[in-house]
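Q: Sequence:
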Amino acid sequence: MVAVMRSSSHAARPSCTGRTGRPRSAEADAAILLATREALVELGWSKLTMGDVATRAGVAKTTLYRRWAGKNELVVDAVAVLFDELELPDLGSLVADVEGVVLQFAALLERPETKTALMAVVAESTRDDALRGRIRSAIVDRQKRLVLVGRERAQARGELPYEADPQISARHTDLIFDVVAGAVVHRALVSAEPVDEEWARDFTLLICSGLAATA
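Just so you know, we're using the numbering used here here: the sequence shown kicks off at 12 and counts up by one.
Please note that the accuracy of each hint is not assured.
[As the list claims (entries may be wrong)] Computed spacing ranges between beta-carbons, pair by pair:
#: 1; residue 1: Ala175; residue 2: Thr73; range: 48 to 54 Å
#: 2; residue 1: Asp189; residue 2: Glu53; range: 19 to 25 Å
#: 3; residue 1: Thr137; residue 2: Ala167; range: 38 to 44 Å
#: 4; residue 1: Ala71; residue 2: Ala175; range: 50 to 56 Å
#: 5; residue 1: Tyr76; residue 2: Asp101; range: 40 to 46 Å
These are computed hints drawn from the structure, not numbers from a lab.
By construction, the Cβ of each residue, glycine as well, lies at the ideal position given by its N, Cα and C atoms.
Required output: the full structure, derived from the provided sequences and hints.
A: See the structure below:
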């Protein structure tokens with residue numbers, strides 16, 4: 012039924028601004044995104060400025076504007092690169108893979124820079140449709156591709172049936188992502204309750220086997 016995400020420390024991905032100009036520097040991008048997350052933790056969304064990020068990263072403010080149109084785009088990319096650290100484990104079974112993903116995701120959300128940045132962009136997106144769209148494309152859609160990998164792996168093991176209808180498959184992919192990501196984010200950031208091994212095991216049993224399995 013599930014499985015998400017990817018881990019390894021990836022270098023910062025290029026921002027999708029569509030801008031042209033001098034070649035991008037992966038090192039400069041990584042420094043800028045790190046500085047953005049640090050500034051968010053220290054200053055909060057309202058006080059964060061492009062100038063402050065530039066100073067922290069040791070680059071000119073014009074360098075930021077060549078890469079990102081403004082603060083919204085910059086912060087989303089700073090969050091997205093953290094989620095690119097998530098990986099889909101191959102632990103031999105669907106249940107083990109899901110538990111591994113849930114615990115990995117929860118550990119990422121415990122990091123101050125992840126928690127602060129994610130909460131900030133989500134809150135701001137309630138007033139900004141363009142920002143909401145960027146969150147969807149840079150974070151949500153990127154991780155949904157890994158849900159597909161997880162389902163294909165479980166299907167190859169014989170744990171899940173194949174789905175011939177691509178529309179049904181796409182709806183199930185959305186549902187899987189929403190259930191896993193929504194539950195873990197709510198538990199960790201809204202309820203502020205621990206996502207420990209016991210909770211991850213119970214949650215995995217519920218989504219993999221259905222409500223009857225918990226009775």
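Q: Each hint needs a verdict: does it hold in this structure or not?
A: Tested hints:
no., hint, verdict
1, Ala175 <-> Thr73: 48 to 54 Å, "holds (52 Å)"
2, Asp189 <-> Glu53: 19 to 25 Å, "violated (32 Å)"
3, Thr137 <-> Ala167: 38 to 44 Å, "holds (40 Å)"
4, Ala71 <-> Ala175: 50 to 56 Å, "holds (54 Å)"
5, Tyr76 <-> Asp101: 40 to 46 Å, "holds (42 Å)"
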